[in-house]
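Undergrad: Sequence:
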Amino acid sequence: MRHLPNLICLVRIALIWPIIDAIAAGTYPLALLIFFLAAASDGLDGFLAKRFHWTSEIGKFLDPIADKLLLICVFLVATWYGLIPHALTGIAVARDVLIGSGAIVYSLRWGPLQGRPMISSKLNTLLEVLYVIAVLAHAGYALPPARLLDVLAVLTVATILLSGYLYALTFTQRALAAGRA
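Positions -3 to 177 (this note's numbering) are the ones given, in order, by the sequence shown.
These are computed hints drawn from the structure, not numbers from a lab. Fair warning: there could be bad hints in the mix.
Stated by the list, open to error - The calculated lysine-lysine pairs, modelled on DSSO-like cross-linking and capped at a C-alpha distance of 27 Å, are: (1) Lys56 with Lys46; (2) Lys118 with Lys64; (3) Lys64 with Lys46; (4) Lys56 with Lys118; (5) Lys46 with Lys118.
Stated by the list, open to error - Here are the computed distance ranges between Cβ atoms for each label pair: (6) Lys56 with Leu172: 45 to 51 Å; (7) Lys64 with Thr23: 37 to 43 Å; (8) Asp17 with Leu94: 28 to 34 Å; (9) Ala83 with Leu139: 21 to 27 Å; (10) Phe57 with Pro81: 29 to 35 Å; (11) Ala10 with Leu172: 37 to 43 Å; (12) Leu119 with Pro81: 18 to 24 Å; (13) Leu119 with Asp17: 28 to 34 Å; (14) Ala20 with Pro81: 14 to 20 Å.
Note that the Cβ used here is the ideal one computed from N, Cα and C, for glycine as well.
The whole structure should be built from the sequences, with the hints applied where relevant.
TA: Written out as structure tokens, the structure is:
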């Protein structure tokens, strides 16, 4: 049972293709359902890992990878089919590339990063998930209204920029402190 959170992460990764396929086919209600299940699995694996102490080194790596793969793939495909603005996807992907590159450079130069995800990053992930749910619901059911999608898009961009800035600031401060040590 201790590897159940890792298995859930793998299932989340496996759900990416059916979501992409449903978006490409224009079956937005199905894409919405599968995306919702994939997003909910993130909460479930995190709950199980913390509640029962089923954490593992691979899980610490696999969970954020599964989250980023899910969101980046869905953002890119939804943008390709005209559901999400290009600029929003570009900013979201650039933030993830910035954070990933910073983590790699830091790890190669000063060793593994220690710490937990920032609250701004968790808020950003939540808003990205809510935005995708709203976009797919709008495409499939014409709800919520386009005005709400615009508000969610602005809030999502704001959290992308804030969390990207805070990660860059934190990586820079840690690197400077490590360089002085």
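Undergrad: If a hint holds in the structure, say so; if it doesn't, say that too.
TA: Verification of the supplied hints:
As the CA atoms of Lys56 and Lys46 are separated by approximately 12 Å, the hinted pair is consistent with the 27 Å bound. With a C-alpha separation of about 12 Å, the suggested pairing of Lys118 with Lys64 holds against the 27 Å cut-off. The suggested pairing of Lys64 with Lys46 holds, with an alpha-carbon distance near 20 Å, which does not exceed 27 Å. Taking the CA atoms of Lys56 and Lys118, the gap is about 15 Å. The hint holds against a cut of 27 Å.
Distance hint between Lys46 and Lys118 is fulfilled; the C-alpha atoms sit about 16 Å from each other, no more than 27 Å. Look at Lys56 against Leu172: about 25 Å separates their beta carbons, and that is not inside 45 to 51 Å. The given range of 37 to 43 Å is broken by Lys64 and Thr23, whose C-beta atoms sit roughly 25 Å from each other. For Asp17 and Leu94, the hinted distance range of 28 to 34 Å is satisfied, since their beta carbons lie about 30 Å from each other.
Taking 21 to 27 Å as the suggested C-beta distance range, the pair Ala83 and Leu139 conforms, at roughly 24 Å. Restraint check, Phe57 to Pro81: a C-beta distance of roughly 31 Å satisfies the suggested window 29 to 35 Å. At roughly 41 Å, the beta-carbon separation of Ala10 and Leu172 lies within the given 37 to 43 Å, and the hint holds. Checked against the hint of 18 to 24 Å, the pair Leu119 and Pro81 passes, with Cβ atoms roughly 20 Å apart.
Judged by the Cβ atoms, the range 28 to 34 Å given for Leu119 and Asp17 holds: they are separated by roughly 30 Å. At about 19 Å, the CB distance of Ala20 to Pro81 agrees with the hint of 14 to 20 Å.
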